[in-house]
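S.K.: Chains as they are written, first to last, in our numbering: chain A, 1 to 258; chain B, 1 to 258; chain C, 1 to 258; chain D, 1 to 258.
Be aware that a few hints might be false.
Given that identical chains are not distinguished, each listed pair holds provided it fits within a single copy or across any two copies.
[As the list claims (entries may be wrong)] Here are the simulated SDA-like cross-link-like pairs (lysine to any residue), alpha carbons at most 25 Å apart as the crow flies: (1) K127 to T100; (2) K13 to K127; (3) K134 to S67; (4) K193 to K249; (5) K193 to S253; (6) K128 to G223; (7) K127 to N102; (8) K83 to T47; (9) K127 to F71; (10) K237 to S99; (11) K51 to N133; (12) K80 to Y69; (13) K128 to Y69; (14) K51 to S99; (15) K50 to G160; (16) K193 to Q257; (17) K127 to P104; (18) K50 to N102; (19) K51 to N233; (20) K158 to R65; (21) K127 to G53; (22) K128 to S107; (23) K193 to G207; (24) K51 to G75.
Hints in this document: simulated from the structure, not taken from any laboratory.
Here is what each chain is made of, one letter per residue.
Number of protein chains: 4
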Amino acid sequence: MLVHKTPNQPTTKIRISPNLVFGDTSPAIIAGPCSIESFDQLLSIATAVKKLGAHMLRGGAFKPRTSPYAFQGLGEEGLKIMKKVGEMVDLPIISEIISTDNLPLYSSYLDMIQIGSRNMHNFDLLKKVAHLNKPILLKRGMAATLEEFLMAAEYILKEGNSQVVLCERGIRTFETSSRNTLDLNTLALLKLKTHLPVIVDPSHAAGNREIVAPLARAGLACGADGLIIEVHNQPEKALSDGPQSLTFKQFDSLISQI
Amino acid sequence: MLVHKTPNQPTTKIRISPNLVFGDTSPAIIAGPCSIESFDQLLSIATAVKKLGAHMLRGGAFKPRTSPYAFQGLGEEGLKIMKKVGEMVDLPIISEIISTDNLPLYSSYLDMIQIGSRNMHNFDLLKKVAHLNKPILLKRGMAATLEEFLMAAEYILKEGNSQVVLCERGIRTFETSSRNTLDLNTLALLKLKTHLPVIVDPSHAAGNREIVAPLARAGLACGADGLIIEVHNQPEKALSDGPQSLTFKQFDSLISQI
Amino acid sequence: MLVHKTPNQPTTKIRISPNLVFGDTSPAIIAGPCSIESFDQLLSIATAVKKLGAHMLRGGAFKPRTSPYAFQGLGEEGLKIMKKVGEMVDLPIISEIISTDNLPLYSSYLDMIQIGSRNMHNFDLLKKVAHLNKPILLKRGMAATLEEFLMAAEYILKEGNSQVVLCERGIRTFETSSRNTLDLNTLALLKLKTHLPVIVDPSHAAGNREIVAPLARAGLACGADGLIIEVHNQPEKALSDGPQSLTFKQFDSLISQI
Amino acid sequence: MLVHKTPNQPTTKIRISPNLVFGDTSPAIIAGPCSIESFDQLLSIATAVKKLGAHMLRGGAFKPRTSPYAFQGLGEEGLKIMKKVGEMVDLPIISEIISTDNLPLYSSYLDMIQIGSRNMHNFDLLKKVAHLNKPILLKRGMAATLEEFLMAAEYILKEGNSQVVLCERGIRTFETSSRNTLDLNTLALLKLKTHLPVIVDPSHAAGNREIVAPLARAGLACGADGLIIEVHNQPEKALSDGPQSLTFKQFDSLISQI
């Protein structure tokens, strides 16, 4: 398998910008809101997280929501806002693509393309995104086994694109006191089995901002190559995932801990 | 929500052919191989299951496989074979679509379109398939909650297509002595909450043909509106899902039990 | 293993009374309240379920409750009430024992001893109860695998007591729309692997009386040798498990369906 | 609830010896074999872990094993060996008690009593062990929710014994590439909800010594008050849990990382 590492093979470095190389010694920090809501909102957040130490800006333009009546994102307009904001604050940008429509156009706005948990098994999307030859962040499905997660990455590598970063974001278990159980057992095993960088998403695992920082520290201590964190200027007014979004102050505190 | 039933609302009848109406009093029986492997294979199986009492022929042409190196199905050629075989044995046909490419063409071969478990959360696919105005069999995701399953159906109904049949096919749990735990609790709750017909797939839940028949009987006793069963002429040589495919003799025995 | 069946070995018959033989052709029906609350309550329920067709009376005297502040049962007084009521209505009685204290005394009141889910792994209790040489109903732990369940029974058989009836009562999964997912996959496999009778507890699986009847029908259709059902004269006032207890009318309806 | 913390309440300190105070600033390290196998084995391990920095010696004398035919531990003889070894190397000792028989005698050998995962719901044992007024290490059940775990501790505190240390040791999930998924979400929430110290058992979570160290680091980074680690002089010959036991060299390396 292309994803497997040989003995002593180092982690593959995936370079996004001079300041952001996944798999390098210092952890990559991606931060931003769950959803792009407006130019002003994104600029405010991007300016803050850049200043506080983030290396990349995240933000959702196409949101796969459980209910068809929930906010579905700003679509292409969101990507345009994001591109402009990224240039203004000098941060590379990442966003999720959920459809194969307009792939070349949509991906042209982005420095890295995210495949979300709900689409980890969408092999058609994986293959078509692979062909864009852009770096890809592949999130683990909520109920995907370690083996299935690696095989999803293999679908991309097999198409000739080896710029894949894996993301552990919590699995669905019987425990409902938090959103999804961050599976650091699998993170530790992934670091033994694959040469691809692996980052951790403590925000979606937590579902509650009170425990994002301890989970972030735990992920890095366990060997993660980086973090992706939801941060919002007004979490209580966020159109999605407000309860798990950090305030600027909390993000500042988190950065100082790691 | 469009999927919810009002008190005393009867199950919505979804008519595929004179002999197949989902939601009617007698259970709908769909049978066939996991994958369409050849014209001869499919004709052999279709002839047998028709004679033994099936109302619809199933068979996979596009297979979403965990590994990119596993057999991926015959693609459009499989659909053509299926259309011909369906006409020869006079059975309506159902197959899974996994990509939005060529949707009108591919769906034109079929009497009913299946959305598989791995794509239950692929909202882009759900919406585009909805617009074809064909009956849809929507399988529950392996780790989807009852609420998420109903919301996935709502994505289709919201687009104006109410010909949706739900399919419970087992959920991922800690128990690995079988493939996926058939969740009849949720079947029973679905029958209380939605007016859509709900069928059961005991083959994928079982992963082992020895327990397909008891699970099929259980599903119907619990109120299912039908069954979808994997049957193969030579299960030990099947290109996929052989261990859970019934022989003709076992399928005959199952039909006589229900 | 003593629990395993040889090819074609019939189910072991466990005789409690002339009207109740587990493993015989007709299903064994155990019914009664979650907790014994008073003599009048139990007599009312016992009279009703006897008339409606139950073969054995259930009722809890020692209740293992999640919170130490919840009603813990009437203790020995409850067993005395139960013995008297059982004699009055001519039904054998079963209750759970949760401690090794006073085992000979407490068991002397009972016709069958229940080991609850929380104690399936309490091997000390299993061994000591085994030595009483009374029939035992062993409930599956909420997160016990099929193999662990059989090994718990093996602890009892190894001590020389082979009068063991297994009970599938639902497993803990991510799905919280019902209490515990009734695992009929494992029931079907147990019927293939062990000669011990296996019954189903749809009440604890459901957690909601609306779906007890469909789950009970499903269990029997899947091959269960009997049912254990919670029934209460005033479910809305029950001291425990009210929401999943059937009314007399619902129990009557269930019996007529099976 | 007695287990809940008030705002700003510090973690309760539980003092075992001058060098071991759970809830104090530096993490408590418990180490030793899964099972006590002989005097020589235990002395060898105890000498090594003491020298490498452990504060307490662990070792099983009564082993709750899935199969009744597996090694069940040396029983009281094991406790006597442990007491002697503990005195020789000057380490306090902890072992699991699984029965209420001979409680005062057995506990008299020990400095701290362990309640294992399989007995977290054995409320009779919890109450009787509570009355011994010794420090207790309470391990979370494999499928216990956060709330159930706290309520099990409440059973002990309610009896007047507040010397309880909680231990997160992994939960049962669908993921079988490791033994049990270490649930650091719940650890982080426990640190917010209870004043009791909480430690982590990475050995049982891992089931594989290759990932014990990263999970141990993650647990401490997440806020754990200590670790309990399986260490063996000859892991490949251990009578139980060999694959997850660290060698002395691995334990040394782990200690130097934390």
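S.K.: Of the numbered hints stated earlier in the document, which are not met by this structure?
M.R.: 6, 10, 11, 14, 15, 18, 21 and 24
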